[in-house]
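Sequence order for the protein chains is A and B.
If you're matching positions, the first sequence starts at 137 in this note's numbering and goes up one per residue.
If you're matching positions, the second sequence starts at 137 in this note's numbering and goes up one per residue.
Hints are computed from structural coordinates only; laboratory data are not their basis.
Some hints could be false.
Since the list can't tell identical chains apart, any single copy or any two copies may satisfy a pair.
As the list claims (entries may be wrong) - Calculated pairs, SDA-like style, for lysine to any residue (alpha carbon to alpha carbon, straight line, at most 25 Å):
id: 1; residue 1: Lys362; residue 2: Glu529
id: 2; residue 1: Lys283; residue 2: Gly326
id: 3; residue 1: Lys368; residue 2: Thr146
id: 4; residue 1: Lys362; residue 2: Leu150
id: 5; residue 1: Lys362; residue 2: Ser156
id: 6; residue 1: Lys283; residue 2: Arg191
id: 7; residue 1: Lys362; residue 2: Ile154
id: 8; residue 1: Lys283; residue 2: Gly183
id: 9; residue 1: Lys283; residue 2: Gln233
id: 10; residue 1: Lys362; residue 2: Pro292
id: 11; residue 1: Lys283; residue 2: Asp392
id: 12; residue 1: Lys283; residue 2: Ala187
id: 13; residue 1: Lys362; residue 2: Val394
id: 14; residue 1: Lys283; residue 2: Thr316
id: 15; residue 1: Lys368; residue 2: Leu150
id: 16; residue 1: Lys362; residue 2: Glu147
id: 17; residue 1: Lys362; residue 2: Ser439
id: 18; residue 1: Lys362; residue 2: Thr208
id: 19; residue 1: Lys368; residue 2: Asp230
Small disclaimer: the values here were computed from a predicted structure and weren't measured.
So you can see what is in the structure, the chains are spelled out below.
Protein chains: 2
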Amino acid sequence: MNVSILAVGTELLLGQIIDSNSAWMGEELATHGIDSLVQVKVGDNVGRIEAQLRRLLDDADAVIICGGLGPTHDDLTREAIAAVMDAPLVLDEDIAQVIRDMFESRGRRMPENNLRQAMVPTGASVIPQTRGTAPGLICPIDGIDGKVVYAVPGVPHEMRDMMQRAIVPDLVRRSGSTDTIVSRVLRTWGESESGLNERLDHVIAELESAGTPTLAFLASGWEGLKVRLTAKASTTEECAVQLDAWEARLRHELGDLVFGVGDDTMESVVLELCRRRGLSLGLAESVTGGLVGARLTGVPGASDVFRGSVVSYATDLKQTLLGVSPGPVVSGSAARQMAVGARERLGSDIGLSLTGVAGPAEQDGQPVGTLFVGLVGPGFDDVREVRLPGQREQMRQFAVITALGMLRQLLAAA
Amino acid sequence: MNVSILAVGTELLLGQIIDSNSAWMGEELATHGIDSLVQVKVGDNVGRIEAQLRRLLDDADAVIICGGLGPTHDDLTREAIAAVMDAPLVLDEDIAQVIRDMFESRGRRMPENNLRQAMVPTGASVIPQTRGTAPGLICPIDGIDGKVVYAVPGVPHEMRDMMQRAIVPDLVRRSGSTDTIVSRVLRTWGESESGLNERLDHVIAELESAGTPTLAFLASGWEGLKVRLTAKASTTEECAVQLDAWEARLRHELGDLVFGVGDDTMESVVLELCRRRGLSLGLAESVTGGLVGARLTGVPGASDVFRGSVVSYATDLKQTLLGVSPGPVVSGSAARQMAVGARERLGSDIGLSLTGVAGPAEQDGQPVGTLFVGLVGPGFDDVREVRLPGQREQMRQFAVITALGMLRQLLAAA
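Okay, chain A solo, but in the shape it has when bound:
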């Protein structure tokens, strides 16, 4: 089963919006064992949309068109599909009523052009809208046996909903597969792709001879590497049995490198480890300027654990606010005193501190990339030094995840 994607919108070609929808769809399709042939972006021009659609259908079993389903005169996807199907566009009274009702419930007058969204090519079936006003479409192409065009809105959450609810199941059914495919992602941090590959060498060989689940590494920049297991079986339960067994195997091989699963983030895991042990957390940030606190407080419910942070960017504040002794502030001794000071001033069980050099210039005789992390809490009192890659922003982002990763290891080991 080969699928191509056509993203519609002049703003995509002009770079005003980056097309992340196609990437998401490609990943979703791959997870379900469906191959992607090409992904094309085209502007809001009905002739060009139609021509691209015809070309893509030459090679692909199915084409998903994303965007161009809205109410304005620039929304031309319906017309292009109708031309390829050689079918008239007809008003679907049910869709029209949903759109009218939506405006009425909000007490707003409905501009007449909204009913463009209720036009459906004869022979197409509708993917009902659940959030926005434009429905999706499933359009069998006459004369091309078994080929099909799907249309979804360009609004990401509407597109994702229709993909998962209607399009992927329809594609799987058309592919004749009776298999269920389920993925599970392990989040790792602290090892390179080639390093993980080496550690898992024999596991990968075993997986390859078993056939399912398959294993893939997905890079996520400074957030580490994801290890994705994708199981194929006749039921969800059988997939879960496979995934449980191989997840346990991977965790055994990778040990502490695995910090979470699925949607876990380093900060959500740290907060959860603190919460379970009833520990509160305070920070002293210098080089990161507030980034660590910003990430922790991005997690709903962080206030259970996170008390606050002293961002002592100016050197004298490290002394006056945190009680650091005079001397170089990019040092292990300063890092430890900052962590102790944070714990005291913020009244937290744990003090975590970061001091380092983000550049452009070196500081205290330490080169760009130097990071000292202080970790003080019940059962630990530790200072670590690391050398991080990158200039300024990259170094700072690595500093955040590095410090949180160190705290996670201490908490998980305790």
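Fit chain B to the known structure of chain A by using the hints.
Okay, now just chain B, sitting in the frame of chain A:
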């Protein structure tokens, strides 16, 4: 002049990397008056790359291929171009020597496959590499009069360098245009696109009848709207004269909404305004958890101005660390006391504070989206209340730019 872009890489189709290169190229081309026809992503398969290239050349005057120029067996762009040109690949001894020298200068052994990057189709000319190891290529297509294929590496900074240094100038020359095109971007904040449009109604009409420069609005989410002027004239100097005149006109119409130009950011502008007046800045952050300090310290040289931040996430810390009186902490009174406390505790000339509700639940009887900003400094002592859109992350990001925008207005007016 119609250009299409072909991005090469299986990881792009699988969604492991989002193709932001094509968007950047599309914007760069548009700025120079060159139309984008389609943008296609294809996997690392030499047959598919070749087939897509041929199809794109049917309609476009030029095709830019991005990616697939590296040293491994997966890098197949050179082979696909050679097939389309019907020309053999020949080792370019000059390129080979640059690659050998680079490895030698780093004291590393050169794996032999690196010389794949020195293979050039006969008839192509080379865009010398300045940073990475793979050069770019300019490949006239025999038998198709005047059509051309460009190849650039997928590494963003290498691609951008070659686009600006070689490809855009070559395209402009081929288009027969003797015009110079120069753009200038004004950064605005605090008004919607339709609002800006209304304010600039008559200016836009004048620009349209003048023909040059042209004006475009570019949305940048919570960072505001960019207004881009693009001038066309026979010299750079004439373009600058046009842009200066119309920039002045726009600034007159938009007043305080314009916060910067080009690469200015809200935080770089705030730091510069403080620096010019010799003022230091301290923060008290609650709802943003450190985001404001993180953004300010992302700017090199921030330490001239930025002293630090007290992130008082827990309610009691607002009292103990900042001297806020007991009572609701999401309030104008708390915001003002936080700003005063930050100024005192951090020894700064200016105190800026943020307290609000990011959700998921309301707090102190205030709904999600509520933000109070305290601004205390020489000549001002102010509290503002706003209601921001979005849930948690969006609300917090809006809070950062809103508070910095308020401080900018106060400093610019003084």
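Evaluated hints:
Proximity of Lys362 and Glu529 under a CA criterion of 25 Å is satisfied in both settings, with 22 Å inside one chain copy and 23 Å between copies. Taking CA atoms no more than 25 Å apart as the test, Lys283 paired with Gly326 passes in neither setting, with 46 Å inside one copy and 48 Å between copies. Taking CA atoms no more than 25 Å apart as the test, Lys368 paired with Thr146 passes between copies only; the shortest distance there is 22 Å, against 39 Å inside one copy. In this homomeric assembly, Lys362 and Leu150 come within 25 Å of each other (Cα to Cα) only across copies, at 14 Å, whereas the closest approach inside a single copy is 32 Å.
When the C-alpha separation of Lys362 and Ser156 is checked against a cutoff of 25 Å, the pair qualifies both within a copy, at 19 Å, and between copies, at 21 Å. For the homomeric pair Lys283 and Arg191, the shortest alpha-carbon distances inside one copy (13 Å) and between copies (21 Å) are both at most 25 Å. For a Cα distance limit of 25 Å, the shortest separation of Lys362 from Ile154 qualifies both inside one copy, at 23 Å, and across copies, at 16 Å. In this assembly of identical chains, the alpha carbons of Lys283 and Gly183 lie at most 25 Å apart whether taken from the same copy (21 Å) or from different copies (23 Å).
Taking CA atoms no more than 25 Å apart as the test, Lys283 paired with Gln233 passes in neither setting, with 30 Å inside one copy and 51 Å between copies. Proximity of Lys362 to Pro292 under the C-alpha cut-off of 25 Å is found in both arrangements, the shortest distances being 23 Å within a copy and 23 Å between copies. Neither within a single protomer nor between protomers do Lys283 and Asp392 lie at most 25 Å apart by alpha-carbon distance, with minima of 48 Å and 55 Å respectively. Taking the shortest Cα distances, Lys283 and Ala187 sit within 25 Å of each other both inside one copy (16 Å) and across copies (21 Å).
In this assembly of identical chains, Lys362 and Val394 lie within 25 Å of each other by CA distance solely inside one copy; the values are 9 Å within and 42 Å between copies. Taking CA atoms no more than 25 Å apart as the test, Lys283 paired with Thr316 passes inside one copy only; the shortest distance there is 22 Å, against 48 Å between copies. For a Cα distance limit of 25 Å, the shortest separation of Lys368 from Leu150 across copies, 18 Å, qualifies, whereas the shortest one inside one copy, 40 Å, does not. For a Cα distance limit of 25 Å, the shortest separation of Lys362 from Glu147 across copies, 14 Å, qualifies, whereas the shortest one inside one copy, 32 Å, does not.
Proximity of Lys362 and Ser439 under a CA criterion of 25 Å is satisfied in neither setting, with 28 Å inside one chain copy and 36 Å between copies. Proximity of Lys362 and Thr208 under a CA criterion of 25 Å is satisfied inter-copy only: 23 Å between copies versus 41 Å inside one chain copy. Taking the closest pair of Cα atoms, Lys368 and Asp230 never come within 25 Å of each other, the shortest separation being 38 Å inside a single copy and 51 Å across copies.
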